[in-house]
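Chemist: Below, each chain spelled out in residue letters.
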Amino acid sequence: MDGLYCEHMTVRYGRRTVLDDISVGPFPPGRVSALLGPNGSGKSTLLRALAGLGEATGRVMLGADDLTGLTLARRTRRCLYLPQALPAMVHLQVLESMLAAQHATGVVPSDVQGDEIDAALHMLDVFGIADLSMRYMDELSGGQRQLVGLAQALGRHPDALLLDEPLSALDLHHQFAVMDILRRETAARQIVTVMVLHDLNIAVRMTDYDVILREGRIIAAGAPQAVITPATLGQTYDIVARVEKCSRGLPHVMVDGLR
Amino acid sequence: MRVPEESIAAPPVSPSAGLSAYAREVRGRYHGLLRRRMGLLGLLLGLIVASVVLDFSLGPSGLSPSVLIRTLLHPHHVPAGQGVIVWQIRLPYALMAVCVGASLGLAGAEMQTVLANPLASPFTLGVSAAAAFGASLAIILGWRLPGVPDAWVVSGDAFVFAIGSVLLLDMVSRRRNAGTGTVVLFGIALVFAFHALVSLLQFVANEDALQDLVFWTMGSLTRATWPKLGLLAAACVVVAPLSFAASWKLTVLRMGEERAASLGVDVARVRRGALLRVSILSALAVSFVGTIGFVGLVAPHIARRLLGEDHRFYLPGSMLVGALVMSLSSIAARNLLPGVVIPTGIVTALVGIPFFLGIVLRRRSMG
Chain R
0 MDGLYCEHMT VRYGRRTVLD DISVGPFPPG RVSALLGPNG SGKSTLLRAL AGLGEATGRV
60 MLGADDLTGL TLARRTRRCL YLPQALPAMV HLQVLESMLA AQHATGVVPS DVQGDEIDAA
120 LHMLDVFGIA DLSMRYMDEL SGGQRQLVGL AQALGRHPDA LLLDEPLSAL DLHHQFAVMD
180 ILRRETAARQ IVTVMVLHDL NIAVRMTDYD VILREGRIIA AGAPQAVITP ATLGQTYDIV
240 ARVEKCSRGL PHVMVDGLR
Chain L
0 MRVPEESIAA PPVSPSAGLS AYAREVRGRY HGLLRRRMGL LGLLLGLIVA SVVLDFSLGP
60 SGLSPSVLIR TLLHPHHVPA GQGVIVWQIR LPYALMAVCV GASLGLAGAE MQTVLANPLA
120 SPFTLGVSAA AAFGASLAII LGWRLPGVPD AWVVSGDAFV FAIGSVLLLD MVSRRRNAGT
180 GTVVLFGIAL VFAFHALVSL LQFVANEDAL QDLVFWTMGS LTRATWPKLG LLAAACVVVA
240 PLSFAASWKL TVLRMGEERA ASLGVDVARV RRGALLRVSI LSALAVSFVG TIGFVGLVAP
300 HIARRLLGED HRFYLPGSML VGALVMSLSS IAARNLLPGV VIPTGIVTAL VGIPFFLGIV
360 LRRRSMG
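Taken in order, these protein sequences are the chains called R and L. Residue numbers for the first sequence follow numbering that gives the first Met the number 0, so the first one is 0 and each next one is one higher. Residue numbers for the second sequence follow numbering that gives the first Met the number 0, so the first one is 0 and each next one is one higher.
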């Protein structure tokens, strides 16, 4: 089976069960997938568990490879989680932060060796922020730091990229720009990209595989138009919603109110 | 699977045409920055050497650099008194200042990084207070570790409690759900607890012991001896390369604990390693010379301003700044009042506070 998937994943925080025996996926390679659901539904926990961060039971597979037994350093090379928190206000230049992200595990894989500075600049340029390379991180806006975080993540050339609300600090223009970049890079590298999203319209239009979670259980999984329906939205968010075609024939989610 | 039309129509964002020229410029600027930082480290090293030489030439028995060099190179060809002053008193004193400053600077820098707190230092998290309690047990109650020679009793007791306090901090940091805030608060609790215990011992102490203890807690380099200096220097030589080897991981840790973990850094292990290194350096330093405040706190802040937070430069920078501040403080301690050597701990605090406030206030106005 291609792609990233997990089997019988359970995560507990103390006595509270956050994910209860979840099997989900495969998140397909070359496509962008989304995790949807209300706050506290276990989206971030699922992403972290897929990346091997925190304690979880169950198995995580990437294609034919079982990631479960890998060391953290090896696992994060293959399957990289990008937290929602922005990089801290550190007195470090953007370029240095890119180099540090490469060297974090001590070993720089052969496919990113060569001129590290060129590679870092190329990645910053992909996100349109090459001109920030010599600026200090503690001088940047929240959105700029979020873009640096994305460049750091993609610059590590993972096989799977797990992004926790990567659009949260971005303005409207940059939200769409980042989605375009992620779709293009995901397809070009044939990697798995999974992101936590709150914007249902971005999910329905710009992702290819969606999973809806509520209270640690899966409500629906599959192609966006099959998953994002008035019935699942009602069940998940307790809202009355419609999914209709706009004048250009694209699906659009409209919320009429609470259920 | 469906690919939306509008994203197909979006123009591909390729590396801009001018990127290679820009990359050349950035590479040049970055290498220039690295050279400048290396130059700054060299400059600090030079200033430390100059400060040590100045330490010899000032004061009542001041020696000119040429006399100093002659005494160092040919100790048997100079008057016996001069040789003893240089070799047995001034040299260990001056070098101990450098070693203690370097140890506390490095310890403070690593503490601030792994605890993600700009106020972390051996002084503010209870290592010095624990050492003072150990010293007071030796001075007031005569409690001693079995088999420790007389000359090492106070330092030995101080070391045991200092290293114990850092190991306690380490234990707290290992607890599940113990954030860096918890560790810092625990350290502050240690400060108060040990201060109270020292006060209790002072309360029951006789006059002579009380005087000894008060003098010890003021921190003084006059306790420097060659064996102690050798031990501290050896600890620096062993520990510093281990710290430098962890530079990248520590740099990534500064971007946030969760981000470091997501990039494959075993945060708990890095923190444990750093605290272990910190415990050895800071416990040895304070147990040999007493409470020296502020160097461990101020040196990392100065180094951060001078060199940024790439730990390949920040860690050696903190060591060198610590050594320089300590060396200058030792000069001030000997020369501020004619005929009196003020305890160095007092001078570091008095010199350190304006320095520190200057940095903090400048940062505020920048931010």
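No lab work stands behind these hints, which were simulated from the structure alone. Backbone N, C-alpha and C fix where the C-beta goes; we use that ideal spot for every residue, glycine too. Some hints could be false.
Chain L side only, calculated, beta carbon under 8 Å to chain R, not exhaustive [said to hold, decoys possible]:
id : residue
1  : Arg28
2  : Ser56
3  : Asp149
4  : Val251
5  : Arg253
6  : Ala260
7  : Asp265
8  : Ala267
9  : Arg271
10 : Leu305
Chemist: A separate judgement is required for each hint: does it hold in the structure or not?
Modeler: Each hint tested on the structure:
1. Arg28: At 6 Å from the nearest chain R Cβ, Arg28 (chain L) passes the 8 Å test, so the hint holds.
2. Ser56: Violated, about 37 Å.
3. Asp149: violated (47 Å)
4. Val251: holds (4 Å)
5. Arg253: The hint holds - Arg253 (chain L) has a Cβ within 8 Å of chain R, the shortest such distance being about 5 Å.
6. Ala260: Check passed: Cβ of Ala260 (chain L) comes within 6 Å of chain R, closer than 8 Å.
7. Asp265: holds (6 Å)
8. Ala267: violated (10 Å)
9. Arg271: violated (15 Å)
10. Leu305: violated (11 Å)
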